[in-house]
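Enquirer: Residue numbers (the numbering used here), protein chains in the order written: chain F, 574 to 806; chain L, 574 to 806; chain X, 574 to 806; chain Y, 574 to 806.
Don't read these hints as lab results, they were simulated from the structure.
The reader is advised that the hints may include incorrect statements.
The list cannot tell twin chains apart, which means a pair is met if one copy fits it or any two copies do.
Said to hold, decoys possible - Computed list of lysine to aspartate or glutamate pairs in DMTMM-like fashion (alpha-carbon distance at most 20 angstroms, straight line):
id	residue 1	residue 2
1	K788	D732
2	K788	E610
3	K793	D727
4	K788	E623
5	K793	E636
6	K788	E715
These figures come from a predicted structure and were not determined experimentally.
Number of protein chains: 4
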Amino acid sequence: MSLTGLRQQVLEANLELVRRGLVLFTFGNVSGISRSEGLVAIKPSGVAYEGMTAVNMVITDLEGRVVEGELRPSSDLPTHLELYNRFPTIGGVAHTHSEFATAWAQAQLAIPCFGTTHADYFHGSVPVTACLAPDEIASNYERNTGIAICRLFDHLNPDDVPAALVAGHGPFCWGSSATGAAHIALILEAVARMAYYTVGISAHAAPISRELHSKHFLRKHGTNAYYGQVSRK
Amino acid sequence: MSLTGLRQQVLEANLELVRRGLVLFTFGNVSGISRSEGLVAIKPSGVAYEGMTAVNMVITDLEGRVVEGELRPSSDLPTHLELYNRFPTIGGVAHTHSEFATAWAQAQLAIPCFGTTHADYFHGSVPVTACLAPDEIASNYERNTGIAICRLFDHLNPDDVPAALVAGHGPFCWGSSATGAAHIALILEAVARMAYYTVGISAHAAPISRELHSKHFLRKHGTNAYYGQVSRK
Amino acid sequence: MSLTGLRQQVLEANLELVRRGLVLFTFGNVSGISRSEGLVAIKPSGVAYEGMTAVNMVITDLEGRVVEGELRPSSDLPTHLELYNRFPTIGGVAHTHSEFATAWAQAQLAIPCFGTTHADYFHGSVPVTACLAPDEIASNYERNTGIAICRLFDHLNPDDVPAALVAGHGPFCWGSSATGAAHIALILEAVARMAYYTVGISAHAAPISRELHSKHFLRKHGTNAYYGQVSRK
Amino acid sequence: MSLTGLRQQVLEANLELVRRGLVLFTFGNVSGISRSEGLVAIKPSGVAYEGMTAVNMVITDLEGRVVEGELRPSSDLPTHLELYNRFPTIGGVAHTHSEFATAWAQAQLAIPCFGTTHADYFHGSVPVTACLAPDEIASNYERNTGIAICRLFDHLNPDDVPAALVAGHGPFCWGSSATGAAHIALILEAVARMAYYTVGISAHAAPISRELHSKHFLRKHGTNAYYGQVSRK
Chain F
574 MSLTGLRQQV LEANLELVRR GLVLFTFGNV SGISRSEGLV AIKPSGVAYE GMTAVNMVIT
634 DLEGRVVEGE LRPSSDLPTH LELYNRFPTI GGVAHTHSEF ATAWAQAQLA IPCFGTTHAD
694 YFHGSVPVTA CLAPDEIASN YERNTGIAIC RLFDHLNPDD VPAALVAGHG PFCWGSSATG
754 AAHIALILEA VARMAYYTVG ISAHAAPISR ELHSKHFLRK HGTNAYYGQV SRK
Chain L
574 MSLTGLRQQV LEANLELVRR GLVLFTFGNV SGISRSEGLV AIKPSGVAYE GMTAVNMVIT
634 DLEGRVVEGE LRPSSDLPTH LELYNRFPTI GGVAHTHSEF ATAWAQAQLA IPCFGTTHAD
694 YFHGSVPVTA CLAPDEIASN YERNTGIAIC RLFDHLNPDD VPAALVAGHG PFCWGSSATG
754 AAHIALILEA VARMAYYTVG ISAHAAPISR ELHSKHFLRK HGTNAYYGQV SRK
Chain X
574 MSLTGLRQQV LEANLELVRR GLVLFTFGNV SGISRSEGLV AIKPSGVAYE GMTAVNMVIT
634 DLEGRVVEGE LRPSSDLPTH LELYNRFPTI GGVAHTHSEF ATAWAQAQLA IPCFGTTHAD
694 YFHGSVPVTA CLAPDEIASN YERNTGIAIC RLFDHLNPDD VPAALVAGHG PFCWGSSATG
754 AAHIALILEA VARMAYYTVG ISAHAAPISR ELHSKHFLRK HGTNAYYGQV SRK
Chain Y
574 MSLTGLRQQV LEANLELVRR GLVLFTFGNV SGISRSEGLV AIKPSGVAYE GMTAVNMVIT
634 DLEGRVVEGE LRPSSDLPTH LELYNRFPTI GGVAHTHSEF ATAWAQAQLA IPCFGTTHAD
694 YFHGSVPVTA CLAPDEIASN YERNTGIAIC RLFDHLNPDD VPAALVAGHG PFCWGSSATG
754 AAHIALILEA VARMAYYTVG ISAHAAPISR ELHSKHFLRK HGTNAYYGQV SRK
């Protein structure tokens, strides 16, 4: 994909989150990467969504140096870069302060898999990071946020669980593109909301069985998927 | 009703759930049956609602063989078929992941009848299935989901309680037509939401009396109904 | 006010509840009374709000006999009539199944006055009826619902607390006109929602002091009111 | 800023709260001050937002005497004036009955800082006043409300925590202008909502660390801020 196409897709993914009610004011940021060129396009920092155009997207390299664009990139850029560097299969990252996913992050609890909606998208609970230590906050804070996320995936495939909660902050989501990352952000919010209602109905609600969880995830993903119209074999 | 009419009604019932906010992305599916022809029309699997037309509805027989249509039917088709085979009076089935009904399903609890809104539509609590066993998940999963629902109605008339919750999954609803099934899905979500709020106010909330429950159900249904404009005698 | 004007006002009050999201499908009903003629206008039973016109409003006398109109009146008419007969100062009644007020009714708990929003409109908690006994349900159910409400006002002025919750059912509200009754229904729902959130934050939330409660109610009502533009003296 | 400009800005800030769903009917009021002229513009009392124009804004001096305008000022004016008199850096005040901030006020609990969304705007928890004593309610009630708020800031900078909850009533927010005050009212509601969800997920949710709290506040505010496009040095 050309840089022009990447900028356009990143813009659209950012605006999709606004249209769907996931972001308030200038909150949130989505980026996308061109792996072949080693360049990332990301939303500028603190700019209103109204009137934002593809040209406003900032292009940086994987060390965060601005390559193209007049504006400063989102202050969360180093978190995105850490994820791109550590997760070689992903093509986009979305960060929001969406209400229910953020509430789970604020409660510092992973989102258990209470049902098949969750299982359709995440092959496991959505994990939450440890709280950052004072020295991780004092310098390189945003990069250390990314490192804290990556630590959760030492023994977990980021393609199987394409999101994590940063304790006391909010969700980061990813996908094969900026579009895919924004889609996961929307699904995660719906899943987080239903999990919130579930624990409100029963404090003792239990996750679904491992068998049901895998059945649903593999119905939609992998070589034997049979959901939808296109064979994935 | 002609197959053309059935397809159109099934399309409309699916779109009604989108308009009323009960489905996100491609979630959910509604079907309708022509009893005289032994044919079912159902939403295709994993297709966007935007731009969907009546021609996209898939026609199958009661064993699930596609008779007409270019697309694959909803992966939940075998659940619908099980309900049609076991409940001879129903003409439509609606399945959603609507938030509050799904939360009760995820909490694995029946929805108690806390008030007359519930009693107007369901002559009893809305039951929840047992969790499926590993072997019920391993093969014929969707059909076994239908069997788990039907087990709840061994001693209960499906016309009196036109919905059930599948544990860890979500609601299935039915009615005399696809339109009627979608209507029940909307009512069930409102009832599930108010039941959620009720237990939030009082963990000890009690169901209404059997007398009040029957009074309201029979005010709207059966030979002595007196709600609305048309005598049902 | 002429019967034509009354019908129009009752129609508008019913539609206002739809516009503000308080009613789903055919739920809810608002009526108004012409005290000089002893006639009541009320929404017809089970008719869709879309396309409803003033002519569809049913005119009855205070014994519930239809005087004008082609349709059957709301099945809750006898509850409205009981309130008109017992509360001589009121000119309109509104009944809804609005979500939060209904949840309190389903929890069978009065809504405590947790704040000044409540105190601005209700000089006391919003009371809840006792559950109706089997014989009160078996015959004259709707009238007995009205009697159960009126019992709550044996020692309470219905102008000071213009609403009550029917246990296991939902709210009835009133005012000087159909318009006023619908307005109270909207306020009650907002008050019920905030009271729900309040008990969610703190199970030990306490009502505001009697002094603050009276201060706010009397700032808006009575001879020394000083809120708004028009002196009420 | 001219009085004409001030009136227009105060009108716009009031309407912004309506557009964003923070006010119902005539609830809420925003004011702005011209420090050079010692004059305040505020919404009139109990007037519908529909059709409200800049000319309807009431101009008063800092003792509350009407200087320009045909209508009576908001009954909460003395609270606003107390804040202007005690907080010399602020240029606007916004008062709402927004649902979640009001619920915390009704629960008589400060809003803890559970996450970075809160920390981005408030350098501390959002405090709640003590309940007013009977004699504080009996006379000069609205001014005493302002005094109760100011007492919370004896050892706290109102620029660091630009809002407070009045126990049993609702939030008051402020900023460098009417626009800024309304913006804080919107942020506070989002923060209060997520804090509500957080305690619903975990009754033992803990505030974020002091280090993370300061990191986020200072990322957006003060001499070393690096969020957004404009250097604040």
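Enquirer: Next step is simple, just say for each hint if it's right about the structure.
Expert: Okay, the hints, checked on the actual structure:
no., hint, verdict
1, K788 x D732, "within (17 angstroms within a copy, 31 angstroms between copies)"
2, K788 x E610, "neither (38 angstroms within a copy, 34 angstroms between copies)"
3, K793 x D727, "neither (24 angstroms within a copy, 33 angstroms between copies)"
4, K788 x E623, "neither (42 angstroms within a copy, 28 angstroms between copies)"
5, K793 x E636, "neither (35 angstroms within a copy, 23 angstroms between copies)"
6, K788 x E715, "between (37 angstroms within a copy, 11 angstroms between copies)"
Checked against the numbered hints above, the structure breaks hints 2, 3, 4 and 5 and satisfies the rest.
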